[in-house]
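Undergrad: This is what each chain is made of:
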Amino acid sequence: MVRSKAPGKKQQKKGVDFKKIKRKLGRKLPPPKNATNTEIKSQAIVLPEQSVGADKSGFATSKKGLTLDELLKQTSHHNAKVRKNALHGIKDLLEHNPAELQSLKYAIVDKLRERLSDDDKSVRDTFYLLFDSKIFPSCVEDNQGPMVSRLMPYIFKAMAESSVEVRLMAFKFFHLVVKHYPPTFSLYADKILENYKDIIQKNHFYVQDRSKLNVALSGLAHCLSLLPCDESDTESHKENEPLLAYEQDAANESARFAHVSGRLKEIVGVLINCFQDFIPLIHTPGGFDEKSFSCLHHILCSIGYAIKFSIRMHVQRQNMWLPAYEDDTLMLLDQDIAPLISKKLLGSFPLNPENNLSGKVDERYFILNSVLTEIFLEVSDWSHLHTDLCNRFLVFIENTLLDKVTRSHRQRKPIPKPIYEKTLLALLPSIPKLILRMDSDWRENLLQAFTSTFNDCKPESPLTLACISVVRNVIIPNGDIHYLSESDPTVTNYQRVWVNKLPSLLNQLGDKHPLSSQAVLKLLLDLGRVGCLNASPTFEEDIINFFNPCSQGEGDVSGGAFARLPREAQDLALAFLYYFTINNFSSPLLESIVSCCLNPQLEPAVLCRIVEVVHDAYSAGYIQITDHFSFLTTLVARFKVVQEEGQFSMECKEQETHRGTLKALAELVCLRLSKMGDGSLVLQILEKVLLEQINLKPWFDNGCAILRIICTLDSKPTSLSESSIATLSEYLPGYLIDIVKCIPEDKENSSFYIQTCLYYLIPCYFMFERSSKLTEEVLKRMQSIVSENTKALESVQDRESGRNSLNLIQCVVSVVLLMHNDVKVRKIISSSKSEIDLILQDVISLQSSGSTSLTVEGKHMMKMAGERLKIASNSLVR
Amino acid sequence: MEETTVIASSSFDCGIGSWDLKTGNEQLRFKQCASPSHGLTAVGEKFLAASQLRNASGSSGSVFFWSWNKPQVEVRSFPVESITALTANSEGTYIVGGGASGDIFIWEVATGKLLKKWHAHYVSVTCLVFSGDDSLLVSGSQDGSVRVWSLIRLFDDQQRQHQERTLYEHKFDEHTMAVNDIVIDYGGCNALIVSASKDQTCKVWSLSQGKLLRSIIFPSKINALALDPGGSVFYAGGGDGNIYIGALNSKSDYATQFLGSVSDPSKAITCLAYCADGNLLISGSEGGVICVWNPRSGQPVRSFTFGHGKGPVNNIQVVRKTIVGNANKAQSSWKRNVSSLPPPLEKYERKGDDTMDGIVIVDPPLSSDVPVYSSYRSADLINEQVKELEQQGSAATEIEMERLKLEYKKSIQMNDQWQKNYENLLQVVMEEELNGGSN
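So the protein lines, in turn, are chains D and W. Under this note's numbering, the first residue of the first sequence is numbered 7, with each subsequent residue one higher. Under this note's numbering, the first residue of the second sequence is numbered 229, with each subsequent residue one higher.
Heads up, some of the hints might be wrong.
[Said to hold, decoys possible] Derived pair list, reagent style DSS-like, types lysine-lysine, alpha-carbon separation capped at 30 Å:
id	chain 1	residue 1	chain 2	residue 2
1	W	Lys439	D	Lys314
2	D	Lys528	W	Lys479
3	W	Lys431	D	Lys681
4	W	Lys549	D	Lys681
[To be verified] Pulled from the structure, derived: some chain D residues nowhere near chain W, Cβ distances all over 10 Å:
id	residue
5	Lys30
6	Gly32
7	Arg33
8	Pro38
9	Asn85
10	Asp138
11	Met158
12	Pro422
13	Ser436
14	Lys507
15	Asp532
16	Cys538
17	Tyr585
18	Glu618
19	Lys722
To be clear, the hints were calculated from the coordinates, so they are not data collected in a lab. The C-beta atom is built at its ideal place from N, Cα and C for all residues, glycine as well.
Given the sequences, and given the hints that come with them, work out the whole structure.
TA: Okay, here's the thing in structure tokens:
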């Protein structure tokens with residue numbers, strides 16, 4: 007640096023022309039001041055992985071190996087084909103991994119919903135398919151509300167799209183949503199209806215293509231069918247709310263729809279116009295095709311639902327001010343709508359094809375006519391329509407009831423059964439109203455027609471129930487019974503015919519249709535309890551058969567329809583039985599009740615209820631005392647206990663053997679008899695009957711029950727006659743032995759057996775206490791049994807009979823010992839000690855005798871018995 | 229001073245027994261009475277009335293009156309048909325009877341006039357109950373129907389014809405067999421009604437909604453009901469001799485809880501009554517035993533035997549009587565009462581000009597010394613008085629005016645004083661509160 011400065015100074019001094027610049031190699035220019043910094047700095051460069059090479063283990067993938075994330079991304083690809091494939095891929099993936107949907111439901115829906123207004127038709131269709139087949143069905147269980155609320159904005163957006171195709175898809179998709187989650191409609195009712203109105207209004211755009219219109223109409227019909235039209239819909243679920251709780255109005259279903267009624271009227275107007283467009287088609291000679299029919303059907307159904315709902319809303323509002331005030335229902339509707347309905351819609355009834363056509367077309371016209379009739383029944387007070395028009399409808403109703411619709415041409419096929427029944431089901435509920443309001447000519451015709459329907463309907467068809475409710479509503483409108491009190495004799499006659507048919511219907515129904523049976527019984531009960539059943543003989547016979555059909559065939563154990571009905575129906579039947587016995591008691595009826603009671607299928611509780619009911623009827627003075635006595639005693643004597651083989655029956659469950667039932671029954675009968683009056687008097691009346699039963703040697707369970715009755719009524723000392731005591735002493739030894747036989751040897755001392763035995767023994771003990779003569783006789787008889795068998799043993803060589811005799815002796819000894827074990831009875835039998843001693847002697851003699859028929863075992867048994875008896879007899883002396 | 233008396237009658241001719249509930253002493257026994265179930269009633273505090281079973285077969289029924297102090301029957305009346313249920317409103321101004329044909333009769337006690345008779349049920353009426361405020365009448369029938377009648381609407385012919393309304397307010401038809409007893413709680417027009425029936429159920433109805441709320445199934449038929457003053461449970465006397473406890477608000481359909489049973493299980497409970505004074509439940513059974521229970525502990529407190537244990541008790545009622553002053557005064561009031569027993573109940577409705585269009589109820593007098601019947605008037609009686617007053621001229625009215633003015637002044641003074649008292653009291657309470665708060 008120093009050097010270079012020096013020459014510079016020299017040059018200036020010397021005045022050199024050309025400056026000679028000497029440059030040295032290796033030196034660099036300093037960087038310019040305005041230089042740009044071109045250095046590139048970066049932290050790291052990450053190259054995206056190739057998706058093909060990525061590790062997808064652990065992720066759910068579609069067939070093509072794409073994960074859900076990738077697929078969802080592809081759904082918004084600009085290429086329609088890719089989008090469609092992505093949707094297919096999602097469907098495929100969800101098919102194989104259903105769990106994926108559960109966890110990622112909202113994410114999937116959030117992404118997919120954009121596809122609803124996709125430009126490409128195939129993509130939209132795939133989208134619809136995906137929801138229809140996969141997403142909705144798998145979300146049935148969980149709350150769909152949040153999902154639907156995510157979808158709805160997009161649906162509305164698509165509904166307002168300019169492209170008709172997209173709009174239609176939106177409606178189609180919305181229909182799908184409503185199908186899977188019905189509350190959707192009530193949540194967005196107003197907006198939805200507006201959209202529907204809009205699209206149907208512009209129908210001329212696509213009137214050529216019925217299937218497109220049909221998409222919208224079917225959705226609308228479905229939505230409107232969700233309008234609450236019946237009181238029962240909304241009130242049924244309130245069953246178990248706490249009493250006196252605050253009631254929420256908001257929960258009321260119909261309140262939610264309160265604001266849509268204006269919208270509905272618009273819709274009805276639009277639909278009627280739409281219907282008008284179809285009119286020329288209806289009258290074309292070729293009839294109309296499947297699609298047009300479906301459109302028409304949907305239109306009419308929608309109108310029907312909308313009108314039904316509006317009327318109901320109106321009536322509800324009216325009820326707040328003026329209860330039970332019926333107005334002209336047609337006028338209730340909007341002033342603009344009413345003439346539209348009556349002229350354009352109902353005026354076109356009936357829809358008839360110009361030429362006769364095939365059965366299929368005929369069927370269609372029938373369905374449309376029936377829907378029109380439903381609307382007619384709904385709107386009308388009839389007086390405001392032309393009588394001519396009214397008559398056309400009534401003729402149709404009558405013909406339908408008579409099942410001869412448009413059969414003027416012989417070659418026509420009848421309307422298929424299901425369609426016919428469906429129509430009838432819809433028409434029947436309005437019949438009572440018609441019958442009550444029509445003038446006498448039509449009333450007669452309708453009654454006639456209805457009666458034929460009622461007679462024709464099969465027990466298994468749902469028509470039966472509908473018919474019964476019609477009968478009910480004609481006889482008991484609003485709860486006031488109009489049976490046989492009607493001023494019009496024709497109605498009265500028909501009513502009588504219907505009521506007389508009821509019991510036979512009951513028998514036809516059997517136990518297969520409990521709902522119908524219940525309805526019939528309820529009606530019968532309601533008539534019975536106000537005392538307006540003037541039963542004809544066939545009526546009574548049918549009732550008797552209802553309780554007991556066994557009278558026809560002896561072998562039939564199944565019992566009447568009554569025994570197999572569910573409990574509620576049985577309760578109704580029993581309440582009816584009470585009122586029926588009050589009005590028309592007859593002994594065949596009582597007989598059938600008895601055999602019904604003896605039916606082993608009957609539940610014990612029902613049996614008790616029957617006894618109660620009969621007793622009530624008796625104490626109200628409608629059953630003779632003798633009849634009631636015989637009823638009670640027959641029950642006790644005939645009730646069948648299942649008799650097991652061998653002696654172990656006591657161990658069996660009481661339910662299986664009905665032993666418990668008999669016990670309860672015996673107790674009940676004793677209670678009832680003791681309530682009926684002075685015991686000794688009752689006994690005097692019953693003595694003969696009871697002892698006759700005893701004479702028949704009933705099974706010991708029934709015997710015990712009879713003995714118990716005698717004990718309950720008898721007092722000390724006994725008021726039984728001599729002959730009765732003789733009969734009893736005939737029966738008792740066998741009875742006692744039977745009881746002892748039931749105790750297995752090794753369990754003699756178990757408390758269970760002692761308890762059970764005691765139940766059977768106690769009535770005997772009571773009798774012994776009350777009559778010493780009976781005690782003596784019974785012991786004597788037992789002694790003679792022992793001595794007879796002793797002799798038999800000595801003479802007879804046969805093994806088998808020998809063993810029998812031995813057992814018998816053994817049993818007698820056990821009886822004596824059992825009696826001896828009871829302190830009180832010991833005292834009673836001590837008076838007849840001599841008999842016991844005689845038994846003892848016999849036993850001892852048998853044991854010591856060298857009879858060949860006695861085995862070692864037998865000898866041992868006798869020895870034991872003898873010793874125990876000896877001890878017992880000795881203790882008696884003291 | 230008040231005295232609580234239990235009265236009981238039977239379907240046998242055992243008369244009417246009465247006992248002091250506190251001491252258990254038997255009081256007067258009224259003779260000659262065989263009443264049906266629900267056929268006995270005390271008419272206010274004034275006298276006893278019971279319909280008689282005797283003439284059930286005959287064409288007409290009979291209703292007897294006894295004054296509280298005399299065992300003999302004093303007034304006999306013979307309605308058109310036998311009366312199966314009888315009741316009176318709490319003041320004792322009307323007697324309502326239900327007939328065997330299903331008709332219901334209303335008589336005015338003071339005049340004995342049959343005010344109204346209407347066809348209420350298809351078959352005989354089994355029980356009649358007034359609501360707590362005496363404005364509604366609930367009737368139960370042999371056919372299992374329960375109906376609610378408004379006493380005012382019954383007489384309102386015009387409006388009914390105008391609107392073509394039914395006579396009843398509500399009808400409840402869900403019972404399948406005869407209704408045996410009905411109780412109504414204290415909710416006024418929002419009250420709950422409990423009915424017991426032969427069909428082994430008790431049903432709870434809402435008066436305001438007019439619908440069935442609960443149906444509770446019991447193990448046996450229920451003959452009698454009594455409501456616990458708490459309002460959450462009721463007692464049901466069963467045909468099997470048990471007293472069951474049913475919860476109004478029960479979740480389950482079956483009632484299994486029971487309070488206790490009378491000694492002999494074969495004897496059904498036939499009637500129940502609840503005495504709020506002392507919280508006692510009184511039961512009568514077919515065996516003729518009247519048992520007083522403590523419902524909290526479920527223990528019987530004491531028992532009375534009625535009709536030598538033979539006749540079934542079928543009516544029990546708890547009557548609270550005000551005893552007037554000393555014995556002397558009672559004596560004198562007795563004499564007056566004898567003369568003031570009302571005339572017999574009339575057989576037929578009066579037709580013609582003197583039928584009135586409505587009824588006016590006057591407030592009862594404050595003191596019991598005022599002759600009781602003079603203060604209850606139906607419209608025509610009042611009309612007569614008005615006429616009389618008019619004839620008496622202006623002098624009387626002026627005096628009356630003076631008196632009323634005076635009374636008005638007094639009332640205003642009274643009002644002021646009350647207001648002052650109230651303010652004082654409020655101040656005291658406020659101060660107390662403030663002091664309490666600061667402490």
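Undergrad: D/Asn85 clear of chain W by more than 10 Å, beta carbon to beta carbon?
TA: 62 Å, holds
Undergrad: Would you check whether the claim that D/Asp138 is not at the interface survives, using Cβ distances to chain W and the 10 Å cut-off?
TA: Fine: 42 Å to the nearest Cβ keeps D/Asp138 off the interface.
Undergrad: Does W/Lys549 pair with D/Lys681 here, judged by a C-alpha cut-off of 30 Å?
TA: The hint is violated at about 37 Å.
Undergrad: Beyond 10 Å from every Cβ of chain W: is that where the Cβ of D/Ser436 lies?
TA: Non-interface label stands for D/Ser436: nearest chain W Cβ at 22 Å, farther than 10 Å.
Undergrad: Taking 10 Å as the cut and beta carbons as the points, is D/Lys722 off the interface with chain W?
TA: Holds, since 19 Å exceeds 10 Å.
Undergrad: Check whether the Cα positions of D/Lys528 and W/Lys479 lie no farther apart than 30 Å.
TA: Roughly 26 Å between the alpha carbons, so the hint for D/Lys528 and W/Lys479 holds.
Undergrad: Does D/Tyr585 sit more than 10 Å from chain W, CB to CB?
TA: The claim is violated: D/Tyr585 sits with its nearest Cβ about 8 Å from chain W, within 10 Å.
Undergrad: Are all beta-carbon distances from D/Cys538 to chain W longer than 10 Å?
TA: 8 Å, violated
Undergrad: Hey, does D/Glu618 actually stay past 10 Å from chain W on C-beta?
TA: 7 Å, violated
Undergrad: Would you say D/Asp532 is clear of chain W, with no C-beta pair closer than or equal to 10 Å?
TA: 8 Å, violated
Undergrad: Per the stated criterion, does the least C-beta distance between D/Pro422 and chain W lie above 10 Å, as a non-interface residue requires?
TA: 40 Å, holds
Undergrad: Is the Cβ of D/Lys507 more than 10 Å away from each Cβ in chain W?
TA: 22 Å, holds
When held up to the earlier numbered hints, the structure conflicts with 4, 15, 16, 17 and 18 and fits the remainder.
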